[in-house]
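Novice: Sequence:
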Amino acid sequence: RKELERESKKWLLETKIVDSSGSELSRHGYSPQKSDWSALDFFLSVGVLSNSKAEVERGVTISDHWPLSLKCPLTAAAEPKEEVKKLSRMGIRNKTDELAHHRLWEETNPSLESLLSNISVIASEQSLWCKQGGRKRLALRGGTKAILKRLRELKGKAVVNGPLSEEEAAELARIKTEARRKCRNETKARQDKLKAKIAADVLKGDTRAIWRLAKPQNKRRPGLTPILDENNTLQTGEEEIDRTWRDHWA
12 RKELERESKK
22 WLLETKIVDS
32 SGSELSRHGY
42 SPQKSDWSAL
52 DFFLSVGVLS
62 NSKAEVERGV
72 TISDHWPLSL
82 KCPLTAAAEP
92 KEEVKKLSRM
102 GIRNKTDELA
112 HHRLWEETNP
122 SLESLLSNIS
132 VIASEQSLWC
142 KQGGRKRLAL
152 RGGTKAILKR
162 LRELKGKAVV
172 NGPLSEEEAA
182 ELARIKTEAR
192 RKCRNETKAR
202 QDKLKAKIAA
212 DVLKGDTRAI
222 WRLAKPQNKR
232 RPGLTPILDE
242 NNTLQTGEEE
252 IDRTWRDHWA
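In the working numbering, the protein residues as written are 12 to 261.
Honestly, the hints are just simulated from the structure, not real lab data. Given the structure is predicted, the values throughout are model-derived calculations rather than measurements. One or more of the hints may lead you astray.
Unchecked claim - Straight-line distance between alpha carbons at most 25 Å, and here's what the computed SDA-like set of lysine to any residue pairs gives: (1) K97 - V213; (2) K215 - K160; (3) K97 - E249; (4) K204 - R100; (5) K96 - K160.
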């Protein structure tokens, strides 16, 4: 049922779920005999559509009613989702002075509208917005990207033109090892830099950023992760959890 409702919303169909069997909308073939009415759990009643082709799926054997497949032209496209801009937390921490002493705070009257407008203007001036979806780039240095580009060229040449020469095969083997090493080292350096920034925030009393490190682990291990101190004792209180994280990052 959830799948039907999701697909109906996706294709902008005027649909209605008929829950009770034997209703006027769920009669099989609109027969006046109640014995001919369907006994399925629910039906999906679709509004008026100019269908171009109809087929009966006779291969379905899980029910005594064969489903009818309709092919209809779309009359409207789904409305595009409006992207919501988000401020970069790491960007704000490096621009605190510019944010606090910006001229707009003195030139405008204090109000909710002016606050939102000023933040938007300052964020655009100081490039404090998070990257929008679909525009992310590889978090690698230019030299590493050049090696990966050459690696793709050699692999593509081997597929299109056949086996590589001895020199190119040796270069491909060397580049593979070098690309793995550089990507691994740069990823580790980026993670260490992020951990150092989060540790500095924890020392200042801000423990929210810790969850940025906990999220990837939660994706690999479903469910909640217990917070244990250095003595392997479970911590449940808010103050005890904050103190455990503070000791961990100290």
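Novice: Confirm or reject each hint.
Specialist: Taking the hints in turn, this is what the structure says about them:
Restraint check: the Cα-Cα separation between K97 and V213 comes to about 23 Å, which is no more than 25 Å; the hinted pair holds. Among the hinted pairs, K215 with K160 is inconsistent with the structure: their alpha-carbon atoms are about 42 Å apart, more than 25 Å. The hinted pair formed by K97 and E249 fails the criterion: a straight-line CA distance of about 28 Å is larger than 25 Å. Proposed proximity of K204 and R100 is supported: the alpha carbons are some 15 Å apart, at most 25 Å.
For the hint pairing K96 with K160, the CA-to-CA distance comes to about 32 Å; that exceeds 25 Å, so the pair is violated.
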